[in-house]
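Going line by line, the protein sequences match chains V and C. With the working numbering applied, the first sequence corresponds to residues 1 to 150, in that order. With the working numbering applied, the second sequence corresponds to residues 1 to 214, in that order.
Careful, some of the hints might be misleading.
[Stated by the list, open to error] With a straight-line Cα cutoff of 25 angstroms, these simulated BS3-like cross-link-like pairs (lysine-lysine) come out:
no., chain 1, residue 1, chain 2, residue 2
1, C, K18, V, K100
2, C, K78, V, K100
3, C, K78, V, K8
4, C, K18, V, K136
5, C, K207, V, K9
6, C, K26, V, K62
7, C, K162, C, K209
8, V, K62, C, K160
9, V, K8, C, K26
10, C, K18, V, K9
11, V, K8, C, K18
12, C, K26, V, K9
13, C, K150, C, K209
14, C, K204, C, K150
15, C, K162, C, K78
16, V, K9, C, K78
17, C, K152, V, K37
18, C, K152, V, K8
19, V, K100, V, K62
20, C, K150, V, K37
21, V, K62, V, K37
22, C, K152, C, K197
23, V, K120, C, K204
24, C, K214, V, K9
25, C, K18, C, K99
FYI, nobody ran anything at the bench for these hints, they're computed from the structure.
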Amino acid sequence: MQNSDEIKKNLLFIEAMADAMSECDDASIGEIREELKADGIDLDVSVNHLMDFIRICAMDAKRESLDEAANAREVMEAEDRCLVGKFSAYSKDQLLTLIKSLLTLPEEQIGLAYRELDGKNQEDLASILEDLEAAKNLASKKMQKNENHS
Amino acid sequence: MQEDLELENERYNPSVRKDLEQADWKSILPQLLWFARLQCNKFYWLGDRHLHPQYLVQEAIALAFGRGENGGYRNWNKEYYPDLTSFLKGVIKSIVSHKVDHLKEFPHDSFELKEEQGHGSMEEDIHVSKSIYDGMSGDSPEASFERFEKEKEFSERVMKLKSLAGGDEEMGIVMMCFEEGISTRREIAEATGYDVKSIDNITKRIKRKARDIK
């Protein structure tokens, strides 16, 4: 029976060999197709399956982002009622300018990454701005809380 | 490619999702599938042919979208990895490495491995991979016999791989690098004195010959 050292040496060998083969990867699409076919894998079927999977991931991610924005808005409405309707009198240009000024921070992009801002109407833009303000207020409150704890 | 894909401590950054969505997947996916297939050799040579390259690619994509199992994610740092394909190859390699590391722990945690339950296709695949070693633990005569047989098969397969060089001196020297765990072109070039182009050609010869090792 082999000892565990020999098994480990064999594992080290096959790992290095597979990694070297993976790194040497200038195969053309045609070669990839043929190689995978030899293993019983249909490249087109796999690619189509993965494209579907990417679509599902993207949709789930969008839904999650919008849910987060909705949650932030609910919390904001509950905690900061004076923010609701705060921007209703702003022009579209003013709203866009304010939103874009807030978009400089990556963590404040949640919920907005998938929205075409220029195509939104004034009411939607005001809501988005309220969400952003709410998120900012929440972040600030969280930071305050953390500072108080530490 | 960067050898170690660092797990970042920060939260998932959702702003990369738009770039992921707009990526040219039709050209990226065949490369990822091929890379995953070559990484799967690690399991195939261990005697497990159940892991499908597509599952590895799928898991890597899910992690990039921040939707891995149990909330897993990998942040795509575009400054570090401007090329999405390279980033995802790193993720695939990291997934495979993690699975192989589990196998390496044998026999110390064989009982623990048996206790784990699968929660999805990838987990089930991990479980299948672990089953290579399941039979290698335990005290019953049947378990000992199975362990002996599996060790023997694995050892024989590795011997076949090592003997692929035959009379090819260059290939034999590169194989010696693999025995030392040296796998990148740069490291092999340093160890052998061959240039990177020659190493690519030698590796391609090895790849062709290894195709028949089952």
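Report task. Tell me, in ascending order, the numbers of any earlier hints that this structure violates. Result -> Those not satisfied are hints 3, 8, 9, 10, 11, 12, 14, 15, 16, 17, 20, 21, 22, 23, 25.
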